[in-house]
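Student: With these hints in hand, go ahead and build the complete structure from the sequences.
Chains A and B, in that order, give the protein sequences. All the letters of the first sequence, read from the start, carry residue numbers 21 to 370 under the numbering used here. All the letters of the second sequence, read from the start, carry residue numbers 21 to 370 under the numbering used here.
Source of the hints: derived by calculation from the structure; they are not laboratory data. Careful, some of the hints might be misleading.
If several chains are the same, the list does not tell them apart, and a pair holds so long as it fits within one copy or across any two.
[As the list claims (entries may be wrong)] Cut-off 20 Å, straight-line C-alpha distance, at most; resulting in silico cross-link-like pairs (PhoX-like, lysine-lysine):
id, residue 1, residue 2
1, Lys-154, Lys-121
2, Lys-154, Lys-228
3, Lys-43, Lys-354
4, Lys-315, Lys-277
5, Lys-96, Lys-281
6, Lys-128, Lys-154
7, Lys-360, Lys-315
8, Lys-128, Lys-209
9, Lys-128, Lys-96
10, Lys-231, Lys-315
11, Lys-231, Lys-277
12, Lys-360, Lys-128
13, Lys-354, Lys-83
14, Lys-83, Lys-43
15, Lys-315, Lys-228
16, Lys-315, Lys-121
17, Lys-277, Lys-96
18, Lys-216, Lys-354
19, Lys-43, Lys-360
20, Lys-43, Lys-356
21, Lys-228, Lys-43
Number of protein chains: 2
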Amino acid sequence: MADQNARVQADDLKRFTQAVFEKAGFTPEGAEHQADVLVWANLRGVDSHGVQRISWYLELLDKGHMKPRPNIRIEKETPAVLLIDADYSPGPVVTIPAVRKVIEKARKVGIGWAVIRNTLHQGAMGYYALMAAKEGMAGIAIVCNPPNMAPYGARAVGLHNSPIAICVPGQRHRPLMLDMATSVAAGGKLDVAKDKGIPIPLGWALDKDGKPTTDPNLAEMLLPAGGGKGSGLAMLFECLTSLFVGNPLLTPVYQGKPNAKVHRQNSVVAAVDIATFTDLEQYKANADGIVDGIKALPPAEGFTEVMVPGEPEERVYTERVVQGIPLPEGTILKLKSASKRFGIPLPAGL
Amino acid sequence: MADQNARVQADDLKRFTQAVFEKAGFTPEGAEHQADVLVWANLRGVDSHGVQRISWYLELLDKGHMKPRPNIRIEKETPAVLLIDADYSPGPVVTIPAVRKVIEKARKVGIGWAVIRNTLHQGAMGYYALMAAKEGMAGIAIVCNPPNMAPYGARAVGLHNSPIAICVPGQRHRPLMLDMATSVAAGGKLDVAKDKGIPIPLGWALDKDGKPTTDPNLAEMLLPAGGGKGSGLAMLFECLTSLFVGNPLLTPVYQGKPNAKVHRQNSVVAAVDIATFTDLEQYKANADGIVDGIKALPPAEGFTEVMVPGEPEERVYTERVVQGIPLPEGTILKLKSASKRFGIPLPAGL
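Tutor: If you want it as structure tokens, here you go:
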């Protein structure tokens, strides 16, 4: 029997996940993209964005909210920008090719900037920013959903805790990666607290009446990081994504429109080519210098070392690539259900 | 005698400021740019970035750190991007023309993105983002200086509290403007506390030993907003600005290089053209919808209303355009000193 500590090798998990999505109607390439983004998140320890999402994605497909073979169209294009209608595509299926396109544009004119309308869940945004960094570019990715966060000073939902990911290449070091939600705590952390039956810190969330709560089961809305700062970023991210594609996700909720809260996303993915501006190897060495410099600083009280953004995830990655990905019982049940439904053997170890 | 409540009309203050900088060697156009950025900050109540800076700028000119007539050069250019060497230009003198150029590029290819090397203090970054919004675009501006903030988990200076400004146009409403530092509190707020002789909240700053302090006079480094989030943004902003122009501002300080802490900046200014992607009037109406929706939410405990980013400053602006700009005694002394030095009459009211 699989226990809480059952570990699965990334390749096996990816093969399984890809097979599931192929059976669910994705093209082989689309299924590969979807599986890669999910398993990458698991490898980095961001399990909230990993294969535990499979069951939700299947639900979205069953309901017809997510189209396995969407009619993705480029609606606008210049040498530097793109507007892509995703037609309710699975996130990675539209976004990986979109990032490749902005990388091509950045190679030619220094920057590529794509806005994407009506994609479904893109997964861990860092994946897309990292794609650009691997090509010698700065990658930027932003995404907005219907609201789940109280704006600064409000006790009702009015913003999405829209994340931003920024990634640039290092030389000796791994790429420098920031992948942050604009809320104090990402939604996934509340789920973990629920699963473990432990309270959440005050300041993470409000209950349905807009009162502060430490009970993750009563948490109805997230709170913005840094008060007006996280709130302001989230508001402007909606303006940079949803409003640019003519598909507001916040105002329909304010106006109480039907289906306004149904999951869908609008997004920006961008790449800025380093070699267009400066020497790439020198850039990477300078990026290393920042990592080295910050890590050499004396730790604050309560810290044993200073870590740079992405470093904790990178450590998990290094370990899980070798030791495999540990899957909790709840996730294993979801995989078993998909295995049964599509007649696909579970990955080795389960 | 001028008292603490002396008020000066914006036009008078701008004329005076422009005359000072012309006498200090700026071109008439450069002096006009400099004066406009300073007085705009005063109008919005961001007095830390207003005319009280005149004396510091004159000091930078006297020391030869700031060049009144710099040799500004475009080093790289594509249809979408620019790399500008500012040659130690006063911030607005290089940045206002740079924003005009990115707006031109955005009009043609959807986006314009400029990185600027070695400018001096750019002032309130919102000014530049607003320039783009007035042209029907999203404006983005980011700037980095030598470090003044402790990275998350460290008790020593290692990052700059680099601000970002994002601005988009509204229709009925003023442009939506976020202009935020990546620290909990901007440096100017500590100066205000010093002047008033009041303590600062715990969590704003550390003393020279990296211990939390509530004494603004002992505050030696700022703390990042949202812990790792503000810290991560600041780190990646250095990568998007300084590293792209081959002019790191953090690593020379880590390495103890001479003059590493001398004030200078690297910056990104960018514009994304709305009409390239979608209908501009509809965009503006949708932006209004966000403002209306957020403001209609019930206020949280301790708040009497929900405000959107930039709203408090806009209210001050509305009042000061009519009533004039109140200048504290310390600022008036600085203006008097410049008046005497250059033989320029003080603005009416002082």
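Student: Of all the hints given earlier, name the ones this structure violates by number, lowest first.
Tutor: 2, 5, 7, 8, 11, 12, 16, 17, 21
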